[in-house]
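**Q** Protein sequence lines, in the order shown, are assigned to chains A and B. For what it's worth, the working numbering labels the leading residue of the first sequence as 17, then goes sequentially. For what it's worth, the working numbering labels the leading residue of the second sequence as -4, then goes sequentially.
Quick caveat, the hints were computed from the structure, so don't treat them as lab data. All values derive from a computational prediction rather than experimental measurement. By construction, the Cβ of each residue, glycine as well, lies at the ideal position given by its N, Cα and C atoms. Watch out, some of these pointers could steer you wrong.
[Claimed, not checked] Far from chain B, by Cβ distances over 10 angstroms, these chain A residues were calculated:
| # | residue |
| --- | --- |
| 1 | P24 |
| 2 | A84 |
| 3 | T100 |
[Said to hold, decoys possible] Some but not every residue of chain A turned toward chain B, in silico, with C-beta under 7 angstroms:
| # | residue |
| --- | --- |
| 4 | P59 |
| 5 | S108 |
| 6 | F115 |
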Amino acid sequence: TQLLEQSPQFLSIQEGENLTVYCNSSSVFSSLQWYRQEPGEGPVLLVTVVTGGEVKKLKRLTFQFGDARKDSSLHITAAQPGDTGLYLCAGSDNYGQNFVFGPGTRLSVLP
Amino acid sequence: DAGITQSPRHKVTETGTPVTLRCHQTENHRYMYWYRQDPGHGLRLIHYSYGVKDTDKGEVSDGYSVSRSKTEDFLLTLESATSSQTSVYFCAISARPRGQGVEAFFGQGTRLTVV
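Turn these sequences into a full structure, and let the hints guide you.
**A** Below you can see the structure in the form of structure tokens.
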């Protein structure tokens, strides 16, 4: 069974600060996704990373896939209150039949 | 936004009664999933489907059954609801671009309370 761990579990920061959250596994994934979930809503896909070492940017968010495809990080620059939410990583194999989620990092950005 | 509709959005039911949750998609995606989300446990897979009438169990399938008679509909049934099944249930859909990973799109969830 492939498992994903995320750290930290909770993070509370002031507006304007930078932060990094991590997603780690002992298994190799063919791809990894990051989602953000707001209260009362379903998770929303932010990005998919596929290639080891890949870096993707989405405005102030930078996503990196580890060289060995076992871990990933999400870096937010100059966090804003609108970034508040639960950040989930998920990993999958090529066939979609083994698609697992990490437990999430709950981020709170205070104005 | 992906066309996924879950119904009902909220339900309160009594212990021992059967309950059916519905997920409807307009994207014609092959894969459909049912998850439950609980504090401290994250999203856990209940059942998934990889085509019409093709389903398989996830990690927390006990007490649940599913059916998929049409591409667009995936039903989750709690055969005899228990208080431990109080949770928020999410349906998700995905296409399967080979080599590009599984990108799932989620419904808005169903909050189920078993009293």
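**Q** If a hint holds in the structure, say so; if it does not, say that too.
**A** Consistency of the hints with the structure:
1. P24: holds (15 angstroms)
2. A84: It holds; A:A84 is separated from chain B by about 16 angstroms at its closest Cβ, greater than 10 angstroms.
3. T100: Fine: 17 angstroms to the nearest Cβ keeps A:T100 off the interface.
4. P59: holds (5 angstroms)
5. S108: Cβ of A:S108 sits 4 angstroms from chain B, so the hint holds.
6. F115: holds (5 angstroms)
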